[in-house]
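4 protein chains.
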Amino acid sequence: MKSPKLSLALAGLGIVGKKHATNILKQSRVIDFVACFAPTPAEFQWAVANLTSHGVFIYSQYEEMVAHPGLDAVLISTAAVVHEVEVVQALDQNLHVLCEKPLSTNLEAAAREKPNLKVMCGFSRRFDESYRHAKQITTTGLIGDPSFIRCQSCDRYDAGGFLVQYSELSGGIFIDLGIHDIDLTLWFLGEDLVLKSVTATGAATLHPQLLSTNDRDNAMGLVEFHGGKVAQYYVSRIMAHGQEDSADIIGTEGKVTVNSQPARNLVNLYHAGGVTREVPQDFWARYEHSFSEELREFADCCLLDTTLPMNLAVAVKSVEIAAALQESLITGRQIRFNEQGQRLLMATL
Amino acid sequence: MKSPKLSLALAGLGIVGKKHATNILKQSRVIDFVACFAPTPAEFQWAVANLTSHGVFIYSQYEEMVAHPGLDAVLISTAAVVHEVEVVQALDQNLHVLCEKPLSTNLEAAAREKPNLKVMCGFSRRFDESYRHAKQITTTGLIGDPSFIRCQSCDRYDAGGFLVQYSELSGGIFIDLGIHDIDLTLWFLGEDLVLKSVTATGAATLHPQLLSTNDRDNAMGLVEFHGGKVAQYYVSRIMAHGQEDSADIIGTEGKVTVNSQPARNLVNLYHAGGVTREVPQDFWARYEHSFSEELREFADCCLLDTTLPMNLAVAVKSVEIAAALQESLITGRQIRFNEQGQRLLMATL
Amino acid sequence: MKSPKLSLALAGLGIVGKKHATNILKQSRVIDFVACFAPTPAEFQWAVANLTSHGVFIYSQYEEMVAHPGLDAVLISTAAVVHEVEVVQALDQNLHVLCEKPLSTNLEAAAREKPNLKVMCGFSRRFDESYRHAKQITTTGLIGDPSFIRCQSCDRYDAGGFLVQYSELSGGIFIDLGIHDIDLTLWFLGEDLVLKSVTATGAATLHPQLLSTNDRDNAMGLVEFHGGKVAQYYVSRIMAHGQEDSADIIGTEGKVTVNSQPARNLVNLYHAGGVTREVPQDFWARYEHSFSEELREFADCCLLDTTLPMNLAVAVKSVEIAAALQESLITGRQIRFNEQGQRLLMATL
Amino acid sequence: MKSPKLSLALAGLGIVGKKHATNILKQSRVIDFVACFAPTPAEFQWAVANLTSHGVFIYSQYEEMVAHPGLDAVLISTAAVVHEVEVVQALDQNLHVLCEKPLSTNLEAAAREKPNLKVMCGFSRRFDESYRHAKQITTTGLIGDPSFIRCQSCDRYDAGGFLVQYSELSGGIFIDLGIHDIDLTLWFLGEDLVLKSVTATGAATLHPQLLSTNDRDNAMGLVEFHGGKVAQYYVSRIMAHGQEDSADIIGTEGKVTVNSQPARNLVNLYHAGGVTREVPQDFWARYEHSFSEELREFADCCLLDTTLPMNLAVAVKSVEIAAALQESLITGRQIRFNEQGQRLLMATL
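Those protein sequences? They're chains R, E, W and C, same order as listed.
Each residue of the first sequence is one higher than the one before, counting from 1 in UniProt numbering.
Each residue of the second sequence is one higher than the one before, counting from 1 in UniProt numbering.
Each residue of the third sequence is one higher than the one before, counting from 1 in UniProt numbering.
Each residue of the fourth sequence is one higher than the one before, counting from 1 in UniProt numbering.
Simulated from the structure, these hints should not be mistaken for lab results.
Where hints are given, some of them may not hold.
What the hints assert, rightly or not - Some chain C residues close to chain W (C-beta under 7 Å, calculated; not the full set):
{"no.": "1", "residue": "Ser-28"}
{"no.": "2", "residue": "Glu-129"}
{"no.": "3", "residue": "Ser-130"}
{"no.": "4", "residue": "Ile-137"}
{"no.": "5", "residue": "Gly-254"}
{"no.": "6", "residue": "Lys-255"}
{"no.": "7", "residue": "Val-258"}
{"no.": "8", "residue": "Asn-259"}
{"no.": "9", "residue": "Asn-265"}
{"no.": "10", "residue": "Leu-266"}
{"no.": "11", "residue": "Asn-268"}
{"no.": "12", "residue": "Leu-269"}
{"no.": "13", "residue": "Tyr-270"}
Even glycine gets a Cβ: it sits at the ideal position worked out from N, Cα and C.
Required output: the full structure, derived from the provided sequences and hints.
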């Protein structure tokens, strides 16, 4: 007897979506890849060329895809601005949902109405073996009480200008990149923390056009929680050397770091100029296995009806903090909150 | 239309065999895992518990397994001493063969009689992304002429005594571990090199019982080729910290190293005693993806009838050098060869 | 003919002062160590035991020491609160001055009145070979325009409580530790930068008594300059593993880091728990050679009447920024400045 | 009262000698640099320009220098071939001797006749903080019984050809470079070890002229001791990236390494090609502090009549092993010894 499989559809075939498509096909032992939604002609063409032969039905309308007969779940990898409506439509069709970040606040309520459905936000670092090892070290108490975190999420400079076009749909650098660091903060320092203040600043160093969409290509943020825990972020899209995410989690008795020495693999070249190692060039080179693990665990939770490895409320809280950081980045002003988490108003005299 | 798949059987379900079984199941898009050979009752039981549900037919006789109807290929992962006879039987049944190292000299002749069949020896490092990157750097000429190599293949100390029992079947530490380093040597310094001298020495440091099977748990070897290229090996089974393979390939204009800083993942723990990172504990933690890639490429070559990524003659040459090193290790004497590769006799006066 | 020497006196024999004393003795080729000022009985006793035999005259009054006949220069290593008055008294005696950070604003005016005297603030990192190498890389243009900096200055946790006593005299964690990072910021990003905003937050994690002196043992700061350059700081006194300063300088075309992998020396221990290296335990283990170089270059500038390697105005600017960070740390509020550098008033509505 | 100083003369002002001269001047608190021996006109000129002003008397005859009135000790840094006669002449003048490696066997006897004199061979690594830390770890038992050692002593490629001229005077690559690794072997594995076999091979890869002086620019050696301890060496003069010495000391319960990640300092440059660090370019960049410490400790031992930190017999034993390796390198043959350390004769049949 073979195990039952999860009948899955994929929405969105952009850079990340194409990677998901490949990953889903590799998980054919537990997942039946039955349908996809290709919003643009280019994505449709790619799907015809790459997915049809695997029996995947291609839709140009999201609503039609979620009504595909026998569908169990949908993986949403479209632009951030349509996540909310697409998740709601999927829930209406009684589908489990794995949605790329970010998620909006309203979704939590919508998901609560269908407690039998699994709704998970794709925070891939939660499925990365290194972050998980760091989490395990932290949970074991080896660094005492985790109190401070310093993270960076830095992308390689893309001369092609894709970033600028994409900026309007992404919600901004803290929503798009920084949200991973915020999620790490809640994961490592505490999911119940109450925000005290948020301050951010940055610059449109190599992409001045971003100013017109209220975005930046470099930003630094400082987030303080009531009780004294603090997080510090650096997000960038102008790295010459490649993709580099890292995190230092500092506790009262020690520190654990992830990726303090970025490396593509185990190779070093010794030459007249010194010793050189390469660095991953994009998120996929760094997180391919995390994406794969995320998908596998999501499928298992749906098939076995077990608890998801992460909480939807936390994903929503991350979006809220990211939005506050993005606002502070644009206004240049600190935003403060009282102990009930209510925003305090400030003014220049 | 779905692509055709390779119908594969697996022989041997020991430590490595079990890993292969898992890997084969993951490659279900290109491989049909149809049969396995479980030589021992324990292996048979494991197969019943883990493979039956995936439709794998279990045999307790190798001859019967290779006669399984519709079989295309066999992956041999049994004890080294039976590799030769099992490869020959598989070839007699017109099966492609992927055989764990080591291979014997006779096999090359046997394989040459069936030029339509693919016969490959499982040197997993040839499929590891880091060694491949190093090879690409070398091929590009970035280190000039690759002239010297220093390798180590070191396993974690196993208090359980498995090693001692296994020693009689493995052929000795140079045949079992060192052969990977020898293969790297030929791959990086040249597959046509002619052996000039071989010297080895070592000790049964933590496993004195190995002396009775003419084996050691630590050994160092020095291999010289006509023309001046030299290789230096260290193989060990007593590492406290884990599994650690590394290679330095030294050329006339630079050096490339693989794994000079072993690490389990990207985590570092900072504590009162300093900064600590973990190390892979066994070959699987280090080479899981290489094994997977090896299997995938072998399947592709069989299905598409393309050239295998490595040459059987080189695999056989590796065994010859390993055997000479093992002999030198036991006798304590250097072994020398003339420019035709013929062995020179030496004596103590 | 032997070269002339600088006749030097040392004020203060605390932890840092004792190290300076040792360093001065080692520079006997260019410096005559003629006098010292020992403010406390314990320091006086130490001087008797360690300096008398080298011909150093010991004073218990600073005013008397600066009047020591034939004195050329004084190195001030007393508590931060008395730096200002002591520098002024030294200038009144026509002495060159090397003063430990921090320096106050008034000093710049006082020093300007004696243009023939050398007045330098001891920012030891400016004399460290690694920071200098990073500076040279930056100046050469290898990272493009240096735009962002992320620094940390973290001390080992001191269970002895010295920190708490010292806090009242030090001016606070940003004045005492963070000032080095601020100096790096000005050195690498530009000494003419105009401050736009300063935000800090932190906690008294392991030393709650620090709250009573308006200090903290961990703090994070965010400093923004008009024009878009930004700095991010982390200062701490609770590190379990030792002393760890580091800096990432990020430019438009690359990044240079200093000390991303702290290590006491070149040793790694491989053991059952992994691979461990030690870390410097205090500032001296990390900066001994910088202190020595600083002293040597200061002496050379005095003897040869050459330009000092760093500008007093920058040292003063660092103190101003540090004071703003310390204020923000205590009030929890962002402080903002207009393009003329004038402070803007803010209020909670 | 000032402490007495050691009145020291320096013989030889080549590359290493000039460095010693600088070091001696820096130790002016304990050493009076009174005389030097400049064998060549160029060295004489350098001494006039650099040492006369410090009161150093310059000799063109070694015999005259060792008769300098009031002299206590001599530091010999001339060519290896004259070490023996110069040490004997110094002992005849009742001088303490610090002599650069290598030392010859006869010296041990000569030194034994003057037990009141200090005679030390300059193995600088014994004074390096990292090797000392590794030694302390080993002595503490943290790696169990130190049983195997893998070392390399690799110099940067020198296009200038100095190496070739120098080769005739140096005694060959194992005498000149490898001797440091041999000394480490005896220091870490045991000074009483009895040699069992020696095997070496190599090539004159970039300096084919070295063949005419029975030398090579790359060599690998394998040294076995009775009882099962083994050492493996790699020495080279063709490194593109700089100077790189390293050692792995492997024990029954762990491993300690020195310099597995060579670095000039704490700087890393992140650029479009990856992450690059520089490497020390020569022995001085790596060992300046070791040389300084060696000189200081030698002076202290002479002044206080305390035991030297290393044994002359061990230095002599290192030369014997180095000579055997050099012979094996040239003949291509293994050399074997019985348990009394007597050489066994071998022949090709």
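Here is what the structure says about each hint:
1. Given hint, Ser-28(C) at the interface with chain W, holds; its Cβ is 6 Å from that chain's nearest Cβ, closer than 7 Å.
2. The criterion of a C-beta within 7 Å of any C-beta in chain W is met by Glu-129(C), whose closest approach is roughly 5 Å, and the hint holds.
3. Evaluation of the Ser-130(C) hint against chain W yields a held restraint, the C-beta minimum of about 4 Å falling below 7 Å.
4. The closest approach between the C-beta of Ile-137(C) and any C-beta of chain W is roughly 6 Å, which is under the 7 Å cut-off, so the hint is satisfied.
5. Satisfaction of the interface hint for Gly-254(C) is found here, the shortest Cβ-Cβ separation to chain W being roughly 5 Å, below the 7 Å cut-off.
6. Interface restraint check for Lys-255(C): the shortest CB-CB distance to chain W comes to about 4 Å, inside 7 Å, so the restraint holds.
7. With 7 Å as the threshold, the beta carbon of Val-258(C) comes within range of chain W, its nearest partner Cβ sitting at about 5 Å, so the hint holds.
8. Annotation: interface hint on Asn-259(C) holds; nearest CB of chain W at approximately 4 Å, less than 7 Å.
9. Taken as an interface hint, Asn-265(C) checks out: its beta carbon lies about 4 Å from the nearest beta carbon of chain W, inside 7 Å.
10. Evaluation of the Leu-266(C) hint against chain W yields a held restraint, the C-beta minimum of about 4 Å falling below 7 Å.
11. Residue-level restraint check for Asn-268(C) holds (minimum Cβ-Cβ distance to chain W is 5 Å; threshold 7 Å).
12. Interface restraint check: Leu-269(C) against chain W, minimum CB-CB distance 5 Å, threshold 7 Å, status holds.
13. Using the Cβ-Cβ criterion of 7 Å, the hint placing Tyr-270(C) at the interface with chain W is satisfied: the shortest such distance is roughly 4 Å.
Checked against the numbered hints above, the structure violates none of them.
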